[in-house]
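**Student:** In case you want the letters, here they are:
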Amino acid sequence: MTKISNVSLTVIRPKKGWQTLNLKELINCRELLFFLAWRDIKVRYKQTVLGVAWAIIQPFFTMVIFSLFFGRLAKIPSEGIPYPIFSYAALVPWTFFANGLNQASNSLVGSANLIKKVYFPRLAIPIASVLAGVVDFILSFIVLIGMMAYFGFFPTYNVLWLPLFLLLALTTSLGVSLWFSALNVEFRDVRYTIPFLTQFWLFSTPIAYPSSLLSEPWKTIYGINPMVGVVDGFRWALLGTSTPPGLAMIVSAAAALILLISGAFYFRRMEKNFADVI
Amino acid sequence: MNDIAIHVEGLSKKFYIGRLQQKHRTLRDNLADAFVAPFRRAGKLLRGQTTGAAELDETIWALKDVSFEIKRGEVVGIIGGNGAGKSTLLKVLSRITEPTIGFAEIHGTVASLLEVGTGFHSELTGRENMYLNGAILGMKRDEIDRKFDEIVAFAEVEKFIDTPVKHYSSGMYLRLAFAVAAHLEPEILIIDEVLAVGDANFQKKCLNKMQDVGQEGRTVLFVSHNMPAVTRLCPRTILLNKGKVLADGPSHKVVSVYMGSEKAVKAERKWTDITETPGDDVVRLLAIRVRTEDGEITEAVDIRKPIGIEMEYEVLQPGHIFMIYFHVVNEEGVKVFTSLDNDHVWRQNPRSAGDYVSTAWIPGNLMPEGIFFITPGIRTLNPNTPRLRVADAVAFQVIDSLDGDTARVDFTGDLPGIVRPLLQWKTQFNHRKIHK
Chain A
206 MTKISNVSLT VIRPKKGWQT LNLKELINCR ELLFFLAWRD IKVRYKQTVL GVAWAIIQPF
266 FTMVIFSLFF GRLAKIPSEG IPYPIFSYAA LVPWTFFANG LNQASNSLVG SANLIKKVYF
326 PRLAIPIASV LAGVVDFILS FIVLIGMMAY FGFFPTYNVL WLPLFLLLAL TTSLGVSLWF
386 SALNVEFRDV RYTIPFLTQF WLFSTPIAYP SSLLSEPWKT IYGINPMVGV VDGFRWALLG
446 TSTPPGLAMI VSAAAALILL ISGAFYFRRM EKNFADVI
Chain B
7 MNDIAIHVEG LSKKFYIGRL QQKHRTLRDN LADAFVAPFR RAGKLLRGQT TGAAELDETI
67 WALKDVSFEI KRGEVVGIIG GNGAGKSTLL KVLSRITEPT IGFAEIHGTV ASLLEVGTGF
127 HSELTGRENM YLNGAILGMK RDEIDRKFDE IVAFAEVEKF IDTPVKHYSS GMYLRLAFAV
187 AAHLEPEILI IDEVLAVGDA NFQKKCLNKM QDVGQEGRTV LFVSHNMPAV TRLCPRTILL
247 NKGKVLADGP SHKVVSVYMG SEKAVKAERK WTDITETPGD DVVRLLAIRV RTEDGEITEA
307 VDIRKPIGIE MEYEVLQPGH IFMIYFHVVN EEGVKVFTSL DNDHVWRQNP RSAGDYVSTA
367 WIPGNLMPEG IFFITPGIRT LNPNTPRLRV ADAVAFQVID SLDGDTARVD FTGDLPGIVR
427 PLLQWKTQFN HRKIHK
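These protein sequence lines map, in sequence, to chains A and B. Under our numbering, the first residue of the first sequence is numbered 206, with each subsequent residue one higher. Under our numbering, the first residue of the second sequence is numbered 7, with each subsequent residue one higher.
Not one of these hints is a red herring.
Taking lysine-lysine pairs in the PhoX-like style, the calculated list, with each CA pair at most 20 Å apart, reads:
1) B/LYS20 to A/LYS220
2) A/LYS251 to B/LYS172
3) B/LYS259 to B/LYS311
4) B/LYS259 to B/LYS272
5) A/LYS221 to B/LYS20
6) B/LYS70 to A/LYS220
7) A/LYS220 to A/LYS477
Derived from the structure by calculation, the hints contain no laboratory data.
Chain A extracted, bound-state conformation (with noise of 0.2 Å):
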């Protein structure tokens, strides 16, 4: 006798129904997420004349037009708070979920060359568009802090919050994601729904308006969008707004985990397929 073999094992048959996640793999594999990551960051303003500015200008201009129309003409209520920092606490974390969003859902079909000539967990694309997002975020969250010291606010303890917070628009915007973009390998309907879902999103959470104009109960079933609480506890944490995240951000938080949870079930039931239709 030889020695005993100790080679892996891999049992290819079909799948029927739902899958488990594999956790495992996804993280065997985090070296090919970072890179899958890093190429996203790296080619994203390849051939652009303004470059990495554009991480700036998208939700900064926002911001003035923010301003402009809803802050000066509509008077809108901003709880006190000078309103460009007040919209553009919220347009921060928002531009990352929604910029998350769209690249994540178009992610697998971007990508339909890998995925038809190259076994990996699936997972692992559209979670590394929605982290590639997170250079984007900070660089538009230096302006925040840049804005912040000139409207004079100062970070409280509150402040320590935050990473969870992002964590939150993370889950909700990866959550989104994996629902469609599974849906978008074979309906590429996906693609026309998105922008018209990102508006549509964008005004049902308060970004130009404070969450406070709504009375309990409705505040708190208010947070079924996590953006919500996304939104709520970026302004609570920077620049100390209103009350503390309560009940409607336990509701944003479940309403994430849902989506983001489904979501993986639901790709994992799909990605089998992907290669055939893609």
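Since the structure of chain A is already known, use the hints to place chain B on it.
**Tutor:** Relative to chain A, chain B alone:
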């Protein structure tokens, strides 16, 4: 001890190919359908069925009940016509797509190269793409770090490693891509036609690298249309046809099945039954065979070695002068040459009755690669009378080598020509005289 690398059983894969035409549809039906179908599709989708219209679709079995076993360290070629299921098989084995029925067990780590340069991004530099591509193919970062110089040297792109690959020539691009792939160290390597890249020199390098891979005890699965390459590289070949395994065995045999499925490629033919023996009451052919120098009867012959064509016949009527000959015909039906028995004793003397064996030696380094059919014949002279002739009685396949000592030297591509003699070359160098 388990020495199996790949075990495939009953593997089948069904594809949907477009919708069947439906008759008698009215505009009203179509409109109603347009409204209802999205909801029906959405419902089915949520229940996990892929295509809402699946039952209306025509299906095709790209793979049907494929079973085989590959031992560790085996290098196996997979051949077949277009649509035979080769690529689908590789995709299933690389876990890119999943089988409809059946299963495959794979023992060991797999790297599959279905394409060179998968995931390369034109905006990234050569260096960046190396890391990205390596990660996609399953290499760890420190593994790439370790092999970095080796890969760059192999690809011969040292000067341009920090240039975006969109500025590369297509040759450089492919060399770099293949170099990354060639440095993978999986236990099982699955390759699809990727050798069709680069110039001849680079092909040679790749083929050598692949041979090294095989010698390191790695299992290799190699899909190709290039039959000579398959016979050179793979001792064993599987022939697929319409999704099924048509033949599985030694490459030269399987390739000959594929090449001349209507003509049998056999090294020996014997006639034992008197009624079927070719010939007449003067002479009868008893057997004809293809031999090597060692006396082995074989269809597969090394291009460098002489090939013996041996005819065994029985003279029934004494007193005739015989002319023993054969034609050699290649796969395209071209008569390559005809050879006559020139034995100095018998060529002018009448023979007595009895059994004879005549052997002719085709020298090594004359025939090109490919399959050749032998048509033997016997005539009597004065008057010239045909006695027997058996078209394509036996055949043999000439296999070239990559050792560099054949007429192809280090060239790995398709070497044209009806013969392939190894000629004596001599190259002289003369200093150029500069007149001032």
